[in-house]
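Under this note's numbering, think of the first position of the sequence shown as 1, with each following residue one higher.
It is possible that some hints are incorrect.
What the hints assert, rightly or not - The following label-pair restraints were derived from C-beta to C-beta distances: (1) E791 with V247: 50 to 56 angstroms; (2) N93 with R802: 49 to 55 angstroms; (3) H883 with N824: 23 to 29 angstroms; (4) R843 with V247: 36 to 42 angstroms; (5) T116 with G441: 25 to 31 angstroms.
As the list claims (entries may be wrong) - Below, simulated DSSO-like cross-link-like pairs (lysine-lysine); rule was C-alpha separation at most 30 angstroms, straight line: (6) K429 with K94; (7) K181 with K77; (8) K377 with K367; (9) K736 with K439; (10) K574 with K643; (11) K836 with K580; (12) K536 with K94; (13) K489 with K512.
Hints listed in this document are in silico derivations from the structure and should not be mistaken for laboratory results.
By construction, the Cβ of each residue, glycine as well, lies at the ideal position given by its N, Cα and C atoms.
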Amino acid sequence: MAKKNKMKPRELREAQKKARQFKAAEINNNAAPAIAAMPAAEVIAPVAEKKKSSVKAAGMKSILVSENKMYITSFGKGNSAVLEYEVDNNDYNKTQLSSKDNSNIELGDVDEVNITFSSKHGFGSGVEINTSNPTHRSGESSPVRWDMLGLKSELEKRFFGKTFDDNIHIQLIYNILDIEKILAVYVTNIVYALNNMLGVKGSESHDDFIGYLSTNNIYDVFIDPDNSSLSDDKKANVRKSLSKFNVLLKTKRLGYFGLEEPKTKDNRVSEAYKKRVYHMLAIVGQIRQCVFHDKSGAKRFDLYSFINNIDPEYRDTLDYLVDERFDSINKGFVQGNKVNISLLIDMMKGYEADDIIRLYYDFIVLKSQKNLGFSIKKLREKMLDEYGYRFKDKQYDSVRSKMYKLMDFLLFCNYYRNDVVAGEALVRKLRFSMTDDEKEGIYADEAEKLWGKFRNDFENIADHMNGDVIKELGKADMDFDEKILDSEKKNASDLLYFSKMIYMLTYFLDGKEINDLLTTLISKFDNIKEFLKIMKSSAVDVECELTASYKLFNDSQRITNELFIVKNIASMRKPAASAKLTMFRDALTILGIDDKITDDRISEILKLKEKGKGIHGLRNFITNNVIESSRFVYLIKYANAQKIREVAENEKVVMFVLGGIPDTQIERYYKSCVEFPDMNSSLEAKRSELARMIKNISFDDFKNVKQQAKGRENVAKERAKAVIGLYLTVMYLLVKNLVNVNARYVIAIHCLERDFGLYKEIIPELASKNLKNDYRILSQTLCELCDDRDESPNLFLKKNKRLRKCVEVDINNADSSMTRKYRNCIAHLTVVRELKEYIGDIRTVDSYFSIYHYVMQRCITKREDDTKQEEKIKYEDDLLKNHGYTKDFVKALNSPFGYNIPRFKNLSIEQLFDRNEYLTEK
Numbered sequence: 001m002a003k004k005n006k007m008k009p010r011e012l013r014e015a016q017k018k019a020r021q022f023k024a025a026e027i028n029n030n031a032a033p034a035i036a037a038m039p040a041a042e043v044i045a046p047v048a049e050k051k052k053s054s055v056k057a058a059g060m061k062s063i064l065v066s067e068n069k070m071y072i073t074s075f076g077k078g079n080s081a082v083l084e085y086e087v088d089n090n091d092y093n094k095t096q097l098s099s100k101d102n103s104n105i106e107l108g109d110v111d112e113v114n115i116t117f118s119s120k121h122g123f124g125s126g127v128e129i130n131t132s133n134p135t136h137r138s139g140e141s142s143p144v145r146w147d148m149l150g151l152k153s154e155l156e157k158r159f160f161g162k163t164f165d166d167n168i169h170i171q172l173i174y175n176i177l178d179i180e181k182i183l184a185v186y187v188t189n190i191v192y193a194l195n196n197m198l199g200v201k202g203s204e205s206h207d208d209f210i211g212y213l214s215t216n217n218i219y220d221v222f223i224d225p226d227n228s229s230l231s232d233d234k235k236a237n238v239r240k241s242l243s244k245f246n247v248l249l250k251t252k253r254l255g256y257f258g259l260e261e262p263k264t265k266d267n268r269v270s271e272a273y274k275k276r277v278y279h280m281l282a283i284v285g286q287i288r289q290c291v292f293h294d295k296s297g298a299k300r301f302d303l304y305s306f307i308n309n310i311d312p313e314y315r316d317t318l319d320y321l322v323d324e325r326f327d328s329i330n331k332g333f334v335q336g337n338k339v340n341i342s343l344l345i346d347m348m349k350g351y352e353a354d355d356i357i358r359l360y361y362d363f364i365v366l367k368s369q370k371n372l373g374f375s376i377k378k379l380r381e382k383m384l385d386e387y388g389y390r391f392k393d394k395q396y397d398s399v400r401s402k403m404y405k406l407m408d409f410l411l412f413c414n415y416y417r418n419d420v421v422a423g424e425a426l427v428r429k430l431r432f433s434m435t436d437d438e439k440e441g442i443y444a445d446e447a448e449k450l451w452g453k454f455r456n457d458f459e460n461i462a463d464h465m466n467g468d469v470i471k472e473l474g475k476a477d478m479d480f481d482e483k484i485l486d487s488e489k490k491n492a493s494d495l496l497y498f499s500k501m502i503y504m505l506t507y508f509l510d511g512k513e514i515n516d517l518l519t520t521l522i523s524k525f526d527n528i529k530e531f532l533k534i535m536k537s538s539a540v541d542v543e544c545e546l547t548a549s550y551k552l553f554n555d556s557q558r559i560t561n562e563l564f565i566v567k568n569i570a571s572m573r574k575p576a577a578s579a580k581l582t583m584f585r586d587a588l589t590i591l592g593i594d595d596k597i598t599d600d601r602i603s604e605i606l607k608l609k610e611k612g613k614g615i616h617g618l619r620n621f622i623t624n625n626v627i628e629s630s631r632f633v634y635l636i637k638y639a640n641a642q643k644i645r646e647v648a649e650n651e652k653v654v655m656f657v658l659g660g661i662p663d664t665q666i667e668r669y670y671k672s673c674v675e676f677p678d679m680n681s682s683l684e685a686k687r688s689e690l691a692r693m694i695k696n697i698s699f700d701d702f703k704n705v706k707q708q709a710k711g712r713e714n715v716a717k718e719r720a721k722a723v724i725g726l727y728l729t730v731m732y733l734l735v736k737n738l739v740n741v742n743a744r745y746v747i748a749i750h751c752l753e754r755d756f757g758l759y760k761e762i763i764p765e766l767a768s769k770n771l772k773n774d775y776r777i778l779s780q781t782l783c784e785l786c787d788d789r790d791e792s793p794n795l796f797l798k799k800n801k802r803l804r805k806c807v808e809v810d811i812n813n814a815d816s817s818m819t820r821k822y823r824n825c826i827a828h829l830t831v832v833r834e835l836k837e838y839i840g841d842i843r844t845v846d847s848y849f850s851i852y853h854y855v856m857q858r859c860i861t862k863r864e865d866d867t868k869q870e871e872k873i874k875y876e877d878d879l880l881k882n883h884g885y886t887k888d889f890v891k892a893l894n895s896p897f898g899y900n901i902p903r904f905k906n907l908s909i910e911q912l913f914d915r916n917e918y919l920t921e922k
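Construct the complete structure from the given sequences, taking the supplied hints into account.
This is the structure:
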C-alpha cells in the first residue's frame, strides 16, 4: 500500500495557492471578452478564443466522491460516462475500472490538492493536465467540500429522503434544479407574452391573468363558476379570469401562436377549441406556480407529476395536440415526398426501396441527423465552399432547397448506417477541440474526405435538378404502401405526459427559443440518466431511490429520447389566417400608422375586400416582409407596436444597438438600404445614416412599392425590404436583449423562493416567516445569525465579514415595499413594457444592463400613495438628476439575493454581469 503523502501546513497553503492560480488562469482563458457594450469600431476580434477547459477537452467528464472513494469518469459515446478509475482518498492508491479498449484517459499523480492526468487520444495526447481535487477541504469532517449555501443535506433529503457523504447525489440534484430554472424563465416569458396580447394598458394587475390560472378547475367550472361548489371569493376570481379569457379570444392575437379558431357555425366545434385553449393556458399557469413559488409537499404544485393527478380532460388536450402534429407529419408522407424518394431510389443502388423510405422518414420527421453529435449541414457547406462551388450557381436557385436536402440525406446515411465508426471519430475530434478555429479545421478535413466519396453522387443530384424531371416525377405513381412506415410512425401514446406538456409549451415559443429550451432539457435529462447509471453500477453502488415527487427521473433515458422527438417535431407555427386583420393592424402600426386606425381603413389601404389581378401588391409586400418576419412576431409578443415605433425615434438607443452589429453586416445594410450610398464614408457615419433612416421610417415610404416590379421599381422595392428588415432587426435586438437580462433576475427570484423553503427546514427563526411580506427576510436572518451567534449555515456570509457588512448596508437601504415591487416588476417583465416611457430620459446608452436598471428604477420610484418611503424618494431624485441608474439602488433592490454573494455581485455590478448573453446580428 502506498503511503499517504501528508503535506505540512505551509506546503499545503502553497499548493492551494498554485491550484487557485491555475484555476484563475483557466477561467481567464475561458472567459470571452465583454464587448457588447463597446462601439463596434473599438472592438478587436479575439484570435481563436478558448471555448472549453483543457480538462474537458482532454476527455475528463467528472470526479465523483463517495465516502472514502473517488471515481473519475471520461466522456464515452455521445454524453455517456466511462468509469475510468477508483482512487482511495486515504492513500491515493488507484484502481483502473475501464477496459483497455474503452479507456480515454491516463491518471497520473493524485495528492490532497491536485489530480494529474493525460488524454490517450485527441487534445494534448500524453500532455499532463492538472485539475483540483474535490476532496480537498479546510477543516470539515466530511470528505466532500461543504457547499457554501449550507443546503446540501436539505436538498438530498428533499430529493432522496436522506443525506449522503458524497458529491454524486448533489450533482444529480443540481441538474434537476437547472431544469426548473430554465422552465422558470420560459414560462415567465410565455405568461408575459400571453398577457401582453390582451393589450391592457395601465395597471400591471392584468399580468396575473395567466399566471394565476391553474388546473384546479375543469372547463365547465371555468365558464360557469356560479353553478360550482367554489367559495364566493373563488367564484369572483374565476369570473374575472373568464372575462379576460374572452377578451383574449376576441383580440385574435392567439393567432400569432398558430392557434386557429375554427370557422364554423357548429357550436360544439367552437367550444372544443376554446376548451383546448383554456387547458393550455391553465397548464402554463400551473407550471408557473410550480417553478416560481416553493410549495414543496403540495401535490398539485408538484412540477413533475401534477399533470398525472389532475382531471383527465387536460391530458386529453395534450394527446390531441401531439396527435394532431404527428397526423400532419405522417399523413401521406410517401406521396408528399415522392419526388425526392424517387430520386433517391434511383441513385442509392445498394439500398432496398423500403429501407430508403424508412431512412428518409427518419431524416425528415425524426431528424436523427441532429443527434449525431455534429452538423451535417456544416459538412455539406464546407464541401461546397471548397470543392463544389458550381452547385451555388444561380441556375439552381429555384431547386436549391431540394438539392441540399438530398445531399444532406446522403451524408446522413453515410454516418447513420454505413460508417458509424467515422461519425464517432468525428464527434471525438470535435470534443477535443479547444477553439472555434480548431473546430472549423476539423470540419474542413472531414469535408475533404467526403468530397472524394460523394462527388459523383452530388453531380448526379444536380443533373436531376431541372423542372422537367421534377415535374415528371411529381406526376408518376408510387407503388409503395404507406403501411411500410407503420413501425416508424409515432403518436401521442409513445410519449409520457411530461414530454407532451413540454411540447405544448413550444406553441408559445419561436424557433430559437424552442431549440434553446429543448437542447437544455435534453442535456440535463441525459446527465441525470448517466448519474443514475453510475450510481447503480457495481463499482460505485450507492443508494439512488428518489422521493415520490421526483420519481419521473427514473425514466430519464426515456424522457431524453422523447424530448429529442419533441425537439424535432416542434416548430414555430405559422400565424393563423383568422388573425390576418389583427396582424395587418399591428404591421401598419409598427410602420408608423396610428394604432387607432379603423378596420375599414386598413381594408381600404390594403384592398383586402377587393378582387382582381395585380391590385394586392401592397398587401403582399406587407405580408412577406413584416407579418411573416419572426422578428415582427417576437416584437408583438413582447412589446407594443405603437411603442416600438416611438422607441425607434430615439437615435441614441438605435445607435447603441447598431454598435453591437458587426461591421461587415453594417456595410451590407448601408449598401442595401441607402439610395445613394457613399461606401468610402466611415463606419460611424454609416451607422448614423442607418439610425436616421430608422428614426424617420414611415408607412408612406412603402405604400407605393410595387410587388411585381421591374427595373428601377424593383430596386426601390428591394431597398424598402432591406430598410424594414433592418428596422425590425434593431428593435428585436433591443427587446430580446432586455428580455434576456430580465431572465437572469427571474432565475434569482426562483432560487430565492426555493432556498427560502429549504432554509426554513433548518433555521427556526424562519419557520413562521412569509417571504411575500418581505423578500429581504432570508438574507437579513442569515446575516443576523452570523452577527449574533455565529450560527449561520451560510458559509458565504459566515466566512466573509466584510462582504456580509456590505450586504447588511444594502438590506437597510431597501424596504419591504420596494423589494416586493422589484420582484413583481421582474416577474411581469415591466422593463420591457415600460421601455418607451423612460428610455428617452437616459443621458448615456452604453449597455443593456444600464438601460434595464434605469427603466426598472424609474418604475420602482414611480409616485404612488406610499409617501412614507423616503428612500424611494431619495433614489428618484438621484435618477432624475443624473439621468442614469444608481448603483447603490441596484444593490439595495438586489439585497434579497445577498445570501448568495457571487450571484448578488454578478447581478448588481455591471462589470461582472455577463454581457456575452447579449445578442448581435449574425
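Here is how each hint holds up against the structure:
1. E791 with V247: 50 to 56 angstroms: holds, 53 angstroms
2. N93 with R802: 49 to 55 angstroms: Given a distance of about 42 angstroms, which is not inside 49 to 55 angstroms, the answer is violated.
3. H883 with N824: 23 to 29 angstroms: holds, 25 angstroms
4. R843 with V247: 36 to 42 angstroms: holds, 39 angstroms
5. T116 with G441: 25 to 31 angstroms: 28 angstroms Cβ-Cβ, so the 25 to 31 angstroms window holds.
6. K429 with K94: holds, 28 angstroms
7. K181 with K77: Given pair K181, K77 holds - Cα atoms ~28 angstroms apart, limit 30 angstroms.
8. K377 with K367: holds, 12 angstroms
9. K736 with K439: Measuring from Cα to Cα gives roughly 29 angstroms; hence the hint holds.
10. K574 with K643: Holds, because 24 angstroms separates the two Cα atoms, which is no more than 30 angstroms.
11. K836 with K580: With Cα atoms ~26 angstroms apart, K836 and K580 stay inside 30 angstroms; holds.
12. K536 with K94: holds, 21 angstroms
13. K489 with K512: Holds, at roughly 26 angstroms.
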